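Participant: Read off the chains here:
Protein chains: 2
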Amino acid sequence: MFVSLMLLNGESCPSEGTEAFCAYNPLTGKALTNWYPVSPWSEVEFAIKSAARAFEKVKTWPGERFAEFLDAYATEIEDRADRLVEAAHEETGYPVSPRLKDVELPRTTNQLRLAANAARTGSWKRPIIDTASNIRSEFGSLGPVVVFGPNNFPFAFNGISGGDFAAAIAAGNPVIAKAHPSHPTTTAIFAEAALAALEKTSMPAGFVQLIFQMDYEDGEKLVSHPLIGATAFTGSRHGGLVLKAAADKAGKPIYLELSSINPIFILEGALAERGDALADEFVVSCLMGTGQFCTNPGMVILPKSKLAEEFVQKVTEKFHNAPAGALLAENVKSNFLSGIKQLQQAGAELLTGGGVAEGEGYRCQNTLFKVSGSEFLSNAERLQAEAFGNESLLVIADDVKQMVEIAAALEGNLTGCLYTETTGKDDAVYDQIAPVLRQKVGRLLNDKMPTGVAVVPSMNHGGPYPSTGHPGFTSVGIPASITRFAMLQCYDNVRPHRLPSALQDKNPTGEMWRLVDGNWTQADVGK
Amino acid sequence: MFVSLMLLNGESCPSEGTEAFCAYNPLTGKALTNWYPVSPWSEVEFAIKSAARAFEKVKTWPGERFAEFLDAYATEIEDRADRLVEAAHEETGYPVSPRLKDVELPRTTNQLRLAANAARTGSWKRPIIDTASNIRSEFGSLGPVVVFGPNNFPFAFNGISGGDFAAAIAAGNPVIAKAHPSHPTTTAIFAEAALAALEKTSMPAGFVQLIFQMDYEDGEKLVSHPLIGATAFTGSRHGGLVLKAAADKAGKPIYLELSSINPIFILEGALAERGDALADEFVVSCLMGTGQFCTNPGMVILPKSKLAEEFVQKVTEKFHNAPAGALLAENVKSNFLSGIKQLQQAGAELLTGGGVAEGEGYRCQNTLFKVSGSEFLSNAERLQAEAFGNESLLVIADDVKQMVEIAAALEGNLTGCLYTETTGKDDAVYDQIAPVLRQKVGRLLNDKMPTGVAVVPSMNHGGPYPSTGHPGFTSVGIPASITRFAMLQCYDNVRPHRLPSALQDKNPTGEMWRLVDGNWTQADVGK
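Residue numbers (the numbering used here), protein chains in the order written: chain A, 12 to 538; chain B, 12 to 538.
Derived by calculation from the structure, the hints in this document are not laboratory data.
Values in this document were obtained by computation on a predicted structure and should not be read as measured data.
Each statement offered as a hint is correct.
Since the list gives no way to pick one copy over another, a pair counts as held whenever it fits inside one copy or between any two copies.
Using 27 Å as the maximum straight-line C-alpha spacing, the simulated DSSO-like pairs for lysine-lysine come out as follows:
no., residue 1, residue 2
1, K60, K232
2, K451, K232
3, K260, K232
4, K315, K436
5, K70, K517
6, K381, K412
7, K412, K436
8, K381, K325
9, K60, K412
10, K70, K459
11, K317, K436
12, K381, K352
13, K315, K412
14, K68, K451
15, K70, K436
16, K412, K70
17, K517, K459
18, K412, K68
19, K517, K436
20, K60, K451
21, K315, K329
22, K459, K112
23, K315, K451
24, K70, K451
Excised from the complex, chain A in its bound form (with noise of 0.2 Å):
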């Protein structure tokens, strides 16, 4: 077996480590022929220094040269679309189109060209300069950032390529990004293309490198390693906290987005006006990519009527005839079985599903739960569990008295969304309950399915913990994205000419946006 290369202090290069792994086809359930390294220790060691190296060397340099190492690097995934959607369509099975060539990939490379122009126009930095006391501050890179991709999104969260990695970069931060074992020929073709373009925009070695695989004792000296700035973690709840305790135990930043279920509350007016249609809508969300989004819709809220037995019926019927999509890897398939048995034992009535199904590959049925909201209510930690796949669990609550109370009895989530008839005859029911779920939830939505997440700057990508680890962050929208990766830097009494180009009375970019004695402009000090 050929064992591929890890991307380290700016070269491609062998493991010294005795294990290595490869990915499955999820579409048959059959091994990939490339082979890659578990990376012992000693790698990840010589990464965190070569790292710390690069770091010394561009923690001055403006943010123009972030900027021409993103767009280079965007134009190199380019060069290389086919052979990333060829790759990624065998280590995930999502489909060529339109997911991952139409979508996904377009995403990833938008994604790290506005990060580019974020670093160029330096508004990121939200520069705060007050002349009378003539004390000046703004975000200044951190230092070395890791970053753990999700298997989920093979482009645009991928470790080295996703939204987490342009934010990190934007910020000047080296990064050490952790492929996700179950696309690595996905990461290693980013890899090469982040390679060609370090060397053509002059960056240092070990600006940007990648590891395989490590054990998960490494993964906790990795995050709490007095070099590291921060790190940040897509994936299980479990992975992902035991990260965080190593990295809380060290002072280390962690931004972590873990599991979330999504709920959606559908009001007694919307399901009159439209229950067909909603349900639909809710099918197609929830089945789409076979359920494998973060911000999936893994629970709906309705109140009890003849018109909810009907969108339960409609809904059953739809998952039971739609064709079961593949899972992304083996432990996924074990998982959302296991995830789905404890639903069950939680109280959960299976209304379809619940199986593996037919079919070549990791295929589990398209499953769908229902509980009253009372049976929620009294086992409502087991019954929020999330079976990350295509599954969701509607609650019927007694009345609206009741809705409030789910809502008030739900965990922290990335989404939450009401629909409501279209005049306003539920309005009066919304405002109960919305106030409730609005803490719950990073973003909250109106009449609208949660898993499009549109890269704009107001976009949440975040939420109350256990959703994510800190309720002030997001992991989509730059610039907010951005500062995750950085220091509050003041400076007091520093003499002009040593300022950075930001906090100088000249604006350096002339589009950097910057608070001045408490106005925000674009303008000159003084000006």
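Based on the hints, put chain B in the right spot on chain A.
Facilitator: Just chain B, lined up with the frame of chain A:
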């Protein structure tokens, strides 16, 4: 003995606890007459539930309501200025004038009014509106906040009146204040003023509460309680890290301000140009308030030279000749003595002081240490231990290279300072040391001691771990200090009349700064 009243659920009330404590006059060491209760867990829990009920009421209120309370509170404090100053003088030993009456109390009411203004204007919410996608987001209130105040600022950092308190209230959160046990009477007078302001502005019971003391274990339960939004703590490293561990485990934000030794680099040219003046400036800053400032200069790094020897001699004489001020409490004194013992054991040479001083109360001699740069580097961790009080360590570096190494060996600090010759003779050396020091400190100063902390938007009273728990946050400086106690709340496709006022098309205050389609503006959307 009469055990004083707490402020719980809108009422002054007695404790059911069986333990009580009193404070001591630091100038005499004598017990003061009032006794204060140690609350059992049942009372802490009662406060939490009361705060949570208050939050349910206020969470949709406009900022104006919180501003009215903050303004009214500032006035109530001013009405009690004489009593507050008298009590604080008795409990801290700080001079009535200028320290307590003319500096700290006006700073405190100013902070409350600045926070009121921020709550009123609403720019702290950082509203972002993207019209094409109709996604809008803002920072919203988080839930009850616990504030632990330190011993060294009885007014400006008091749990029930200081900067953290003001920021948490401005963000619309109820506060549970934990008094510092060395100044409970001062704190009780604040509680009386707060209660009067709560009543005058019709705030709900439980919006501001005060507990004097609780067991350590109950403190951990408090900061990790499901109904608590976040915690702010200013105090010792040990106590702070115990609370941090509990809060981290529960996924609750905690903002810490811990120890800091605030290194000062004096370069050769500055020493030649104005060594005498610098010696004066340093001694005044270091011994002010008996050295009990968060930003007290606890370490000075000088290049080896005859001038440095003269500086050392001058400072030693001044330390020796200056009167020894009182430390805040018996445990501050004992910690100080044990801290200087540890510095000696770590190899620091005692130049003057080192023991208990004559006179009544908690007094230790002004204490100065010296080590060579090599000695410091060989034992950097132990030699950076803070001895909170009137002590400093002079480090004599062999050369510029060693000064850079010393900067690199520093832990995270709140501040770091470089003194250089005025016409630029030290600039080349500055350029070697400053980039290294920059990453170690929250606030970088030139030619200025760090003990002054201006309350302006650009201030960073924060820094890398272990000076605080996160390098991106500041506890002083509005609006940044306020957003710590907020959650990011996004509205996706939400109907216009349901949006919070800050995110509606019309600018609700006319003065609120909002990021609309990438541009900061005070205008209405579409105007």
